[in-house]
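Participant: Just need the whole structure built from these sequences, with the hints factored in.
As given, the protein sequences belong to chains A and B, one line each in that order.
Take the first sequence: its position 53, counting from 1, is numbered 53 in the working numbering, and each next residue is one higher.
Take the second sequence: its position 142, counting from 1, is numbered 142 in the working numbering, and each next residue is one higher.
Calculated from the structure, these hints are not laboratory results.
Each hint should be verified, as a subset may be incorrect.
[To be verified] Straight-line C-alpha distance at most 30 Å; calculated DSS-like pairs for lysine-lysine:
id : chain 1 : residue 1 : chain 2 : residue 2
1  : A       : Lys21     : B       : Lys43
2  : A       : Lys21     : B       : Lys44
3  : B       : Lys101    : B       : Lys44
[Said to hold, decoys possible] A few chain B positions that, by computed beta-carbon distances, are all more than 10 Å from chain A:
id : residue
4  : Arg54
5  : Arg61
6  : Leu148
[What the hints assert, rightly or not] Footprint (simulated), chain A over chain B, 3 or more residues, beta carbon under 8 Å:
id : region
7  : 11-17
8  : 88-94
Predicted, not measured: the structure shown is a model, and the values here were computed from it.
In this text, a Cβ means the ideal position worked out from N, Cα and C, and glycines have one as well.
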Amino acid sequence: MSTRPFDRKQPGGPHSGGVDKQVRSFYRRATLPPERAQALLDAAHRHRVVRRRRRLLAAAAVLVVAAGIALVRTVLDARALGDRVAAEVVLGHTKDLDVEIATSSYADLAEALDKLTFPLHEPARLRTSASNYELVGGRYCSIQAQLAALLKVQDARGRTATLYVTGLSAELDSLPGTTRSLEGVEIDVWNEHDLLYALVRDAS
Amino acid sequence: MTDLELLQAGYRYALSLTADVAEAEDLAQQGWLRLHRRYGGRKKTSLLFTTVRRLFIDRFRRGRRVELVALEDLETEPEDLAMPSLEHVDLERLLAGLRAKEREALFLHAVEGYTAAEIAELTDRSRGTVLSLIHRARRKLVAEARQLGERQEAGR
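Facilitator: As structure tokens, this is what we get:
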């Protein structure tokens, strides 16, 4: 079986005589001047370095933007949650629901509301408040579909306020402490000993 | 293949296209830098050749390419392809007299060891055309070399 002269890798062919050999020799002697070749290699190297830096910068920019978006979303989510909780506690306060357990003792109330999954006691903020809040009583309620306690408290001037208490879920834990006014009432939200408190009282 | 070897191969290929040292250096430089811009770390002979070739064609289309001078059709065909040994400068001149596509095909086969099918793929021509180009290039070189030898003989 004969082989075709061009279908192989060896340069030159059996019928090329001295032509291919001389052409090959001619071109193999042709080289770029060393200084020009080196300059080109250096330029390519520089280009690689610049390209790598650009890629790193682009990746860093993407990360910064992604982190920024995540941060903004977290802040917006927390703000939206705060709005939802505020609306919920204001509604409970304005309905002025009767207490189911009338007592001035936190210990008695905690004993009566035995389905609560968190301890119930007077928060430090109320204990140290200049308003001298006294417990009136309490009942079960919910905040964001989570079991909570609704406590009625009365200040030294006889004004009633509503105090909400619930455990800190992963969602509620992201809620920042705030003081705000809404629909004619003042709302204080704060965390204390892994519990979320919200005190709602009529604006004076 | 090292970067330097690849670069030199690109230069030689550029020289086979242009038949002009300065043009080939310029073409090789542009081809090399474009290869790095477009393909980054990928360094393959075929990629560099394709890049250089496209640049060459772009120049040719813009009329900036060195003039391509074809040898006149040969009245007599050489009986065989044995070619007298030539001085470097003479061979350079004879190669420059070939058509660019003939020189390119002969270079890719004789120097780079490409098969006709590979040259056809690289240059976007049919295998038959490539075979014809190589054959014509060889015959022209041999005929010119013989005429040159005869003139030199007569001059003595």
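Participant: Work down the list of hints and note, for each, if the structure agrees.
Facilitator: Evaluation of the provided hints:
Our distance criterion of 30 Å between C-alpha atoms is met by Lys21 (chain A) and Lys43 (chain B), whose separation comes to about 28 Å. Only pairs whose Cα atoms come within 30 Å are accepted, and Lys21 (chain A) paired with Lys44 (chain B) is accepted, the gap being roughly 25 Å. A threshold of 30 Å between alpha carbons decides the hint, and for Lys101 (chain B) with Lys44 (chain B) the separation of about 22 Å falls inside it, so the pair holds. Consistency note on Arg54 (chain B): stated as away from chain A, and its beta-carbon is indeed over 10 Å from all of that chain's, at 18 Å minimum.
Its beta-carbon lying about 25 Å from the closest one in chain A, Arg61 (chain B) satisfies the requirement of being farther than 10 Å from that chain. Every C-beta of chain A lies more than 10 Å from that of Leu148 (chain B), the closest at about 13 Å, which supports listing it as non-interface. Beta-carbon proximity to chain A at under 8 Å applies to 4 residues in the region 11-17 of chain B; the threshold of 3 is reached and the given coverage holds. For the region 88-94 of chain B, the stated coverage by chain A holds: 3 residues have a C-beta nearer than 8 Å to a C-beta of that chain, and at least 3 were required.
Figure legend: structure checked against the earlier numbered hints; every hint is met.
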